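Please model the complete structure; the sequences and the hints are all you need to start from.
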Amino acid sequence: GAVVSQHPSWVICKSGTSVKIECRSLDFQATTMFWYRQFPKQSLMLMATSNEGSKATYEQGVEKDKFLINHASLTLSTLTVTSAHPEDSSFYICSARGGSIQHFGDGTRLSIL
Amino acid sequence: ILNVEQSPQSLHVQEGDSTNFTCSFPSSNFYALHWYRWETAKSPEALFVMTLNGDEKKKGRISATLNTKEGYSYLYIKGSQPEDSATYLCAFDQAGTALIFGKGTTLSVSS
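If you read the protein sequences in the order shown, they are chains A and B.
All the letters of the first sequence, read from the start, carry residue numbers 4 to 116 under the numbering used here.
All the letters of the second sequence, read from the start, carry residue numbers 4 to 114 under the numbering used here.
Bear in mind the hints are in silico, worked out from the structure with no lab data behind them.
None of these values were measured; they are calculated from a predicted model.
All C-beta atoms, glycine included, are put in the ideal place defined by N, C-alpha and C.
One should not assume that every hint holds.
[Stated by the list, open to error] Simulated DEER-style distance windows between Cβ atoms:
{"#": "1", "chain 1": "B", "residue 1": "Lys72", "chain 2": "A", "residue 2": "Gly102", "range": "23 to 33 Å"}
{"#": "2", "chain 1": "B", "residue 1": "Ser31", "chain 2": "A", "residue 2": "Glu62", "range": "14 to 24 Å"}
{"#": "3", "chain 1": "B", "residue 1": "Gln12", "chain 2": "A", "residue 2": "Glu55", "range": "30 to 40 Å"}
{"#": "4", "chain 1": "A", "residue 1": "Ala75", "chain 2": "B", "residue 2": "Ser10", "range": "37 to 47 Å"}
[Claimed, not checked] With a cut-off of at most 16 Å between alpha-carbon atoms, the simulated EDC-like pairs for lysine to aspartate or glutamate come out as follows:
{"#": "5", "chain 1": "A", "residue 1": "Lys58", "chain 2": "A", "residue 2": "Asp68"}
{"#": "6", "chain 1": "B", "residue 1": "Lys45", "chain 2": "A", "residue 2": "Asp109"}
{"#": "7", "chain 1": "B", "residue 1": "Lys81", "chain 2": "B", "residue 2": "Glu59"}
{"#": "8", "chain 1": "B", "residue 1": "Lys45", "chain 2": "B", "residue 2": "Asp87"}
{"#": "9", "chain 1": "A", "residue 1": "Lys44", "chain 2": "B", "residue 2": "Glu8"}
{"#": "10", "chain 1": "B", "residue 1": "Lys62", "chain 2": "B", "residue 2": "Glu86"}
Below is the structure:
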């Protein structure tokens, strides 16, 4: 079946570091991918919609200069958390729609010290 | 702000018990309702995509119903097994694009 690969799974880094997370659709093409974030005891919240070949669409309250999204091919979207700070520590997960189903990556646990 | 509510937040049952969870969602601009099963350290696994009012879907011991007019869906697990332990997420699909998630119901099944 359709699979979405996301890595890295875990990142621990110092404050001020930029972190790149990759999301790949392995056996289907995705013109649109989605990036979600989950804080403890909260629901998955959509951060942005990544569009192949064009600018991402960000949800209200999400800083586009802070969370850079690049969707350069039909199978790859990247999320870069620039100059990460402890408040950016969270669980980040991507998804891509294959038919009627949205398939998810395994997620990335980001911890900023 | 669109709100998706799931209850209960968590649930402990014994092996063999049957159980059910609730998902409530906005009743306007409905496109689809998704149920996922999410085990620790794995990606969410799609269980059902429900689109029609009155729809009922089944996958093994798990089934789900949908009422779009009143904005709720039930997920049922018959004869729970320890391997059913996971967080069950529902997600409201308004326009066939991004999903709006509830916080999930975490099920723990003891043997």
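Hint check:
no. : hint                           : result
1   : B:Lys72 x A:Gly102: 23 to 33 Å : 26 Å, holds
2   : B:Ser31 x A:Glu62: 14 to 24 Å  : 20 Å, holds
3   : B:Gln12 x A:Glu55: 30 to 40 Å  : 37 Å, holds
4   : A:Ala75 x B:Ser10: 37 to 47 Å  : 42 Å, holds
5   : A:Lys58 x A:Asp68              : 12 Å, holds
6   : B:Lys45 x A:Asp109             : 5 Å, holds
7   : B:Lys81 x B:Glu59              : 15 Å, holds
8   : B:Lys45 x B:Asp87              : 14 Å, holds
9   : A:Lys44 x B:Glu8               : 13 Å, holds
10  : B:Lys62 x B:Glu86              : 15 Å, holds
In this structure, every one of the numbered hints holds.
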